[in-house]
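Protein chains in written order, with the working numbering: chain A, 308 to 861; chain B, 7 to 299.
Keep in mind that a hint or two might mislead.
Capping the alpha-carbon separation at 35 Å, the derived lysine-lysine pairs in DSBU-like fashion look like this [to be verified]:
no., chain 1, residue 1, chain 2, residue 2
1, B, K208, B, K74
2, B, K74, B, K167
3, B, K167, B, K208
4, A, K667, A, K652
5, A, K652, B, K208
6, B, K208, A, K859
7, A, K603, A, K420
8, A, K603, A, K386
9, A, K420, B, K208
These are computed hints drawn from the structure, not numbers from a lab. No experiment lies behind these values; they were computed from the predicted model shown.
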Amino acid sequence: MSDYEHYEALVVGAGPGGAAAAATFANYGIETLVLERGVEAGSKNVSGGLIYAEESAPYTIDDLFPGFREAAAERPITKYRIHNIAGDKVESFDLTDLHEHDTEWSDSVLRRKMDSWLEDRVHERTRETGGGLLTGVHVNGLLREEGRIVGVTLDELDPITADIIVAADGVNSELARDAGLMDWDEPDEWFQGVKAVVDMPEDAIADRFDVAEDEGAAHLFSGDLFEGVRGGGFLYTNRDTLSLGTVFHLDSLVAEEAEPHELLDGLLTHPLLAQWLGDDYTELEYSAKLVPDSKKVALREPHFGRLLLVGDAAGQMQAQGPIIKGMNHAVTAGALAAESYAQAKSRNEPEKAGTRYARKLRSEGVMKKLRPRGYELLRGVAEDDGVTNVVDTVLTSAVGRAGIRALSGRLERLYNVPTLSALMPDTRTPYVTLPTVIAEELGTRVRDKSSVTPPDLEARIGELTYDTDIGNPHITLRDESYEASGAAVAACPVSAVDFGGGCYREEVVRTNGSEERVVSLDTQPCVECGTCAVVADTEWTHPRGDKGVEFKWG
Amino acid sequence: MHMVVLTKGVPDFREGQVSFDEDGHLERGKTPTVMNPNDRFALQAALQTRVRHGGRVSVMSMGPPGYKEVLREAMETVYADDLHLISDREMAAADTWATAITLSAGIETLGEPDVVFAGFKTADGETGHTGPQTNWCLDMPLVTHVISLDIDEDAGTLRAKRLVEGDIEEIETVETELPAFVVADPEFEPSYRTAGERLTLKDLREETQAHAENYEEHLTVRDHADINVDPDYIGLDGSPTIVSSVDPIPKAPAEREATMVDPDDTGAMQDVLTAMQSAVGDDAGDAAAAGGD
Chain A
308 MSDYEHYEAL VVGAGPGGAA AAATFANYGI ETLVLERGVE AGSKNVSGGL
358 IYAEESAPYT IDDLFPGFRE AAAERPITKY RIHNIAGDKV ESFDLTDLHE
408 HDTEWSDSVL RRKMDSWLED RVHERTRETG GGLLTGVHVN GLLREEGRIV
458 GVTLDELDPI TADIIVAADG VNSELARDAG LMDWDEPDEW FQGVKAVVDM
508 PEDAIADRFD VAEDEGAAHL FSGDLFEGVR GGGFLYTNRD TLSLGTVFHL
558 DSLVAEEAEP HELLDGLLTH PLLAQWLGDD YTELEYSAKL VPDSKKVALR
608 EPHFGRLLLV GDAAGQMQAQ GPIIKGMNHA VTAGALAAES YAQAKSRNEP
658 EKAGTRYARK LRSEGVMKKL RPRGYELLRG VAEDDGVTNV VDTVLTSAVG
708 RAGIRALSGR LERLYNVPTL SALMPDTRTP YVTLPTVIAE ELGTRVRDKS
758 SVTPPDLEAR IGELTYDTDI GNPHITLRDE SYEASGAAVA ACPVSAVDFG
808 GGCYREEVVR TNGSEERVVS LDTQPCVECG TCAVVADTEW THPRGDKGVE
858 FKWG
Chain B
7 MHMVVLTKGV PDFREGQVSF DEDGHLERGK TPTVMNPNDR FALQAALQTR
57 VRHGGRVSVM SMGPPGYKEV LREAMETVYA DDLHLISDRE MAAADTWATA
107 ITLSAGIETL GEPDVVFAGF KTADGETGHT GPQTNWCLDM PLVTHVISLD
157 IDEDAGTLRA KRLVEGDIEE IETVETELPA FVVADPEFEP SYRTAGERLT
207 LKDLREETQA HAENYEEHLT VRDHADINVD PDYIGLDGSP TIVSSVDPIP
257 KAPAEREATM VDPDDTGAMQ DVLTAMQSAV GDDAGDAAAA GGD
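So that you can see chain A by itself, here it is in the shape it has in the complex (with noise of 0.2 Å):
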């Protein structure tokens, strides 16, 4: 082998997926690298921000770092609702025992102060098996020699090898597309969320959710409030703030050409919420994120020789109706692919960690949960547009709307039942039609007033912390043409139509009379979600390390 620099474990991304996994390969002994491209540990990471430990997990956030949810978490999260709505009709049903299935507990964070302050730990870990973990280092791409792969290359530090690299480097992950694992084609296959970090004392949040200092509440919103857009929104309670978002499937956002931060706005200034934001809204961060749909995408074998994929680079997202779960797979992920390697290599046959590990996600349930069976047998059905319209006609038919009234001493019990959540199609049905005529039928009118007016995109982005690599954009567009492209302008959360200082932009180019739509992109405001990967025809690369946006909440 070549003279490079040599770890026997690498791990790319310093999330709670690469934590789990260095912790793990550090419990083992094994000389751990981490590395991480943000200026800091969650700098570069946005979550809705509930982490769970399911108690039928074989490894939970707090096993591995005692003293996580004191140190490094929000608050623990005991009311969850669901609120349906209808233009100002809400019918709200109590989710609290679907949230509490499987789950030992909950808490809302915030993944700047979460994942640096588990940054500490795993560099105070990994450094004792003589390795560490270094940040402001970009992993671009994998090493290989006589076509397997050794290693990574960097922008920053010489190729690196290794005899196992953890890629935990997020939705966007480019080993995953390095080793052809992943692709950024479909956008069924992705949500895209945005959120708003909000400014709140300690005593108004106890006073409008009527929570302890031990107790938080979780609120997600459906129905008619979001232009027809298949999605929702969420609230959580954080210790002075709240996190408040929107997530979209990245289809639906396309097809209805909407403008995300309006979408938000939409959750931000319905009279449902004057309740809890009250007259005094402050907004201190707004973010996004690309969320995989581990029922489309979480790869049954994400393992490629040496390198094995877990978290979000790994699809292992789970987004099944009311039920979002992700950084609790990548921490369970991350500790199963770690350990799997300590095992292998026991065996002397450290060749084989990455089926073991595939293995071992069945095994311990991961997949079944990222991947419900039913779902992938209702699928072919209930995903068809001929029956989603069907559906969708009868619902809202007389018929439809004496059943669902029929139904109202039950609704609530079905929405809590954990297999029907799973089963949930990816159809306007139950993001929106159902929620609406449900809310239409038995909802009750909110009398409060919003008086909310939130930021616009240009305060937003003006609000935010950006290193820009001046000269050196790290996406260029391939094809500028509007047909290619244009989907970008409005999707892109840091984008609109009519907005000059996004992302993407439309330019109409005369020439010899003729005239041609094109898009042009400058990458300073991007927040680095990854959705013009998926919609726009680009070359997409994260910023070197250190560079680009910093989330200071996250």
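Knowing the structure of chain A, use the given hints to seat chain B on it.
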């Protein structure tokens, strides 16, 4: 590997910090003292050498007791092990020659360092003499304007890229035996291309954070007797340079006359417009003529 880095405290010349009296003389009392900005590059060069080869970094300065804070800043920059301040009333008003004699005597008391680093020019004196003159006393190979550095410990050699005549367009590579004296250029860029180097750097940073809080424990202050120099060769007595007077650079005289016009005064604004048109008219005529070919 033992490295010594020379540094100096200088007035903080940044806007808002520096203060001059009516005659244009620097008010030292009102201007904070900071580490000479160019010394940062010498410290970076020493730090890179230490990260790659291990060893010890000492930082030395000659100056009043107030320079302790400068040494602390240097310690935090280079993650230095020990600090040395040569401080003595006898050394006051030294020119670069007397300073060089003092510093070289100080360095000799530290044993035989492998590399001595100095910055390029101080922000107050701007001579660029002190480093090379100190080395004249030490009699080691001297490499100036260094922008990158590689040391081969086994061979006992130092290879450096340096700017020829200080010109960024012209770079030469030179090699010399250790021990050597290195003057780092402001173009010096440290390079850490392996994870191992960056992890060492991180360790050093963490160690120094604890270390720098009690920096005085790592600081040795010595006078001329301690470093064994004759008072006739140091301070004002040892300085052949005579500064007869200091004159401020005269300000460029304002050559243009300005007339204030109220934008609401239509008549006055019309005059402005006419004046502008006649000025532009002349230029426009010239431009048209020039554009003819």
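- Query: Going through the earlier hints one by one, which of them does the structure break, listed in rising order?
  - Reply: Result: no hint breaks.
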